[in-house]
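S.K.: Below are the chains, spelled out letter by letter.
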Amino acid sequence: MSPPATTADEVDLLIGRMKTAAAPVREILREIHARYADNDEGKVADYIPELAKADRRRFGITIATVDGQVIDVGDCSQLFTIQSISKPFVYGLALEDHGLEHVLSKVGVEPTGEAFNSIVLDEKSNRPFNPMVNAGAIATADLVAGRDFPERVSRMLAMFGAYCGRPMYIDNSVFMSERLTGHRNRAIGHLMLNFGMVSDRIQDSLELYFQQCSVLVSCRDLAVMGATLAGGGVNPLTKQRAIQQPYVKYLLSVMHSCGMYDYAGEWAFRVGIPSKSGVGGGIVGVVPGQFGIGIYSPPLDAKGNSVRGILACQELSERFGLHAFESGYSGPVLRDLFSPTRST
Amino acid sequence: MPKIISTHSFRGGTGKSNTTANLAVLVARAGFRVGVIDTDIQSPGIHVLFRLTEQELRRSLNDYLWGKCAIEEAACDVTLRAIGNVEEDADRPRLFIIPSSLKTGEIARILREGYDVARLNDGLQDLLKRLRLDYLFIDTHPGVNEETLLSIAVSDLLILIVRPDQQDFQGTAVAIELARKLDVPEMFVIINKVPSGIDSVALRSQVEAMYQAQVAAILPLSNEMVRNASSDIFTNRYPDHPLTDELVALARRIVAIDPAVTTIIPEQVTS
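Protein chains in written order, with the numbering used here: chain D, 1 to 344; chain L, 1001 to 1271.
Some hints here could point you the wrong way.
Stated by the list, open to error - In the DSS-like style, the derived pairs of lysine-lysine whose C-alpha atoms are separated by at most 25 angstroms in a straight line are:
| # | chain 1 | residue 1 | chain 2 | residue 2 |
| --- | --- | --- | --- | --- |
| 1 | D | K53 | D | K303 |
| 2 | D | K43 | D | K53 |
| 3 | L | K1068 | L | K1129 |
| 4 | L | K1103 | D | K19 |
| 5 | L | K1181 | D | K19 |
| 6 | D | K249 | D | K239 |
| 7 | L | K1181 | D | K239 |
| 8 | L | K1103 | L | K1129 |
| 9 | D | K239 | D | K19 |
Said to hold, decoys possible - Which stretches of chain L does chain D cover? Using the computed rule of at least three CB atoms under 8 angstroms from a CB of chain D, they are:
| # | segment |
| --- | --- |
| 10 | 1119-1130 |
| 11 | 1147-1154 |
| 12 | 1179-1193 |
To be clear, the hints were calculated from the coordinates, so they are not data collected in a lab. Ideal Cβ placement from N, Cα and C applies to all residues, glycine included.
Isolated chain L (complex conformation) (with noise of 0.2 angstroms):
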């Protein structure tokens, strides 16, 4: 069966659509069909990782909430420029980036009139079976409102992402407590732009006994993904890099279940 797993973070800044970005990517490179669902609709991001342009976004998540087409319509396949190396018609791996509209009028559309959140869960359901998806990501948007519950309400895996900072330690544990109410199945905290000389083990045993949870990642701050800016895939541009290796590892837990994947190896893709 499919997996669901969404990525949170209680504020903006904390690397959410970078991190989910590249997990989404090297999950793929593992040989499975990918989706990234950016149901962030009020800030959306993700797009520009894969250097989306406004001209191939013809359709977005808001079409699909507001009945304009299937939600499947709205998927762009990113296999070619995010992985690379694959055969046209291959099967597997294959990456689909779903967005949210990127104009101003249609996002004020959503925040003034919402929509019905049973048919996000429609949409993501609909995704899994159409594009015959093996994990769908979901990026959340920061803070809780209703597509972030039942984005945790549907996913298998919820990946909370914090800062070392007081402002995220104690809004996170807000959503824990809530993904707790949604029995999530499984839950990872990763630790994000850690920076050098911090006592990582303390930190890490700080924050589980805070939210009773493990950490799963403890990443340091890297120059080189501030230098990167989101203009592109990390783990792409980067290869060999510290972070890179982190974030193969985090990769592996989440298909670890697959006996089939043994190994992840990211490589150079210049888009």
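Just chain D, with the same shape it has in the complex (with noise of 0.2 angstroms):
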């Protein structure tokens, strides 16, 4: 209970938050988390210690709307790292610190059907085969400018703070071991280097990657980051532009052909929402003009997306037509179900 409300735009901000605490909506996420709230399968994440200390059964599920309506269901407020969720976002900023043409030309756009991890690079192109795998995430990292390493790194958290509409912090400890044992992305690092995929700072270009991924959001920020692409790059509670509208279509396609590890295929053919899991059990889901999804649950799969995330996201999905290649849909909207409807 605030106190009562005195300027007109505080009344609309009350009506709003009223109007959305009351949407119906509210019962179908209640409906769809407490189906899968009692699912147990799958592993959490323990390649480093920290994070496997996570509780498994959290579970948080938050569509924002491209108008700034957030409805949040469960754990949507704790935090937990990003992981590979942030690559689609860093792209983007490779993609406005040098535009289109010289990014494709350093990371490629083609799906691998690999597991995230694996050290494959498209040799005939002199590239790694797309932003999503580590090869071409750490390639991508290498594009963010920046005159020193602490610039770099700072524009690398104000531009999550874009999407996120706050400021934005780095869980020290996941960084720390992420970097002592990231052997394996120093291989890739260096593997590039030799051959002249990547530039002469790769040294830094790994540091900022183990640090963006080791950013903590909620399930709610993922929501709102998602908004925001569905609306064009423009933040929905800040009204921030987080990134040139030109530029948001690319990160959405590379979501939809590569987002989900090699489930990335199926999964656009059966849920067809662009989206990008991490190994955190965080889920960023778009419906380009209408909302993001968040979902945070941190139970994987054997490929590496949380459990309860793909099958809420797949019910979203399949319940409310939101597949990309739906048309002439005539089922339920969900968009319908953000203002109160009532019996009469």
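Since each chain sits alone in its own frame, please combine them into the complex, following the hints.
M.R.: Structure, rendered in structure tokens:
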């Protein structure tokens, strides 16, 4: 209970919050949350001890609309590390720094069907296959501009801050253990250096990559990041632009074709929501022009995607026709459930 | 689909809880499953009308908002004492009361810490589903605060209760403006406690012109209601009183949408 609203803006804000609290979509999300909350399949990531500490019962679902309504159900403010979900967003930063053609000459956009940490490089074009596999993400981090390492890190954090509408922090213990145990990623970086795929500041770029994976977000943040992309690059809460509009479609395209590790093809086929998952247990999904979806649930399937997250997204997509290639759809429309509907 | 009906007044003392309780009893009498939830957390009162004792109030809305229980665990079945003459296991009519806590510490804690209003809505939806309610009446806190606005936002019908008093008139205009912003589909204004000798035709047109909303009833100031002093459900004690007639007419309008309902007959219940 906040003090009584005084200005017209505050009244509108209050009315908006009440409409959101009363929106029937809450019931839908509660129902979906309840259906999968007891699903205990999957394994919490444990390649570093910090990730293994996550509570496997945690489960949050948030939907944020392009006009700024945010519906939270479950553990939506619990912070966790963003991990691979950082990749499309840093790709966006690289696109803004260098333009499409230069970035394309450094990192391809072909799905690999390989695991995220596979060491495969496109030797014909001398680039990693796409920005969602680790090799491509490291080459993308290498493209983040800045005079020196601190400036590059702060630009990266400012970028995430614009998407989330708040200051961002790095989980230092996750960062330290990522960097201590990141031999495979270092190997990938140095292999790419050997092929001339990345610059000679690759040491810094690897540090930057370990930092970007250790950014702390909640599933509410993920939904707002998704809604920012859904709205053409403008954060729906702060109205601040996080990325130039022409680049949004490129982010969504790589999420669509490569966002869900080696499940990406079937995901694009079945669910059809451009999405990115991370081993921290998060998934961000984007329904262009409508909303962003954020999910947090740490247990992962064999491919590294959140088990409950996959099920919840799949149900949302099927029940409400959210597949990108759905046409002639005549079923229930999720967007209609964001303002109070009544029995009469 | 179940209907949610909120009753609201800008100030205390308008007879809001009494009207809500009586309407709920009359609507239940027509053969429905009805719930009454007291969201007036700061100054709860509706339990008094149903003579619920502190021993009977094991769980409250407060417990639900703190995550201590499911909302339906806070519901008390008051069918027998409020409607009488109903078989114990009959599905309809049924009347449930969901009280707010009477404990000073628990009231203070809610005021101090607040709560998530979305959780209140989750609770209302759970009540409709789990108690299989046909109607849910929400007795709100006087004035405008978050639970009031949330209640209005989810309501199918908002009943605004005013006395013939300039402060009530002005304050209610605020509530009506907010209700319109919240797109409430239907609004009834009830002018309550109208002393005898007032020109009710003029009063009605004055209020309707002021709010651009219809006055659904003008209820007389009644000595019996005052003497009743919230110790009982008025329409149960005085089934033949003119005020009861007016409340019955209102209850009929609330259920008018249901063609199966033809009459609501109040009867004396001694609790």
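S.K.: Now look at each hint and say whether the structure bears it out.
M.R.: Now the hints, each set against the structure:
1. As the CA atoms of D:K53 and D:K303 are separated by approximately 20 angstroms, the hinted pair is consistent with the 25 angstroms bound.
2. Simply put, D:K43 and D:K53 have alpha-carbon atoms about 12 angstroms apart, close enough for the 25 angstroms limit, and the pair holds.
3. Only pairs whose Cα atoms come within 25 angstroms are accepted, and L:K1068 paired with L:K1129 is accepted, the gap being roughly 19 angstroms.
4. Only pairs whose Cα atoms come within 25 angstroms are accepted, and L:K1103 paired with D:K19 is rejected, the gap being roughly 31 angstroms.
5. Between the alpha carbons of L:K1181 and D:K19 the distance comes to roughly 10 angstroms, so the proposed pair stays at or under 25 angstroms and holds.
6. Restraint check for D:K249 and D:K239: the C-alpha separation of about 19 angstroms stays at or below 25 angstroms, so the hint holds.
7. Using a Cα cut-off of 25 angstroms, the hinted pair L:K1181 and D:K239 holds, with the two alpha carbons roughly 23 angstroms apart.
8. At roughly 28 angstroms between alpha-carbon atoms, L:K1103 and L:K1129 are farther apart than 25 angstroms, so this suggested pair is violated.
9. Restraint check for D:K239 and D:K19: satisfied, since their Cα atoms lie roughly 20 angstroms apart, inside the 25 angstroms limit.
10. For the segment 1119-1130 of chain L, the stated coverage by chain D is satisfied: 4 residues place a CB nearer than 8 angstroms to a CB of that chain, which reaches the threshold of 3.
11. Beta-carbon proximity to chain D at under 8 angstroms applies to 6 residues in the segment 1147-1154 of chain L; the threshold of 3 is reached and the given coverage holds.
12. Under the rule that three or more residues need a Cβ within less than 8 angstroms of chain D, the assignment of the segment 1179-1193 of chain L holds, with 5 such residues.
In the structure shown, a violation is registered for the earlier hints numbered 4, 8, in ascending order.
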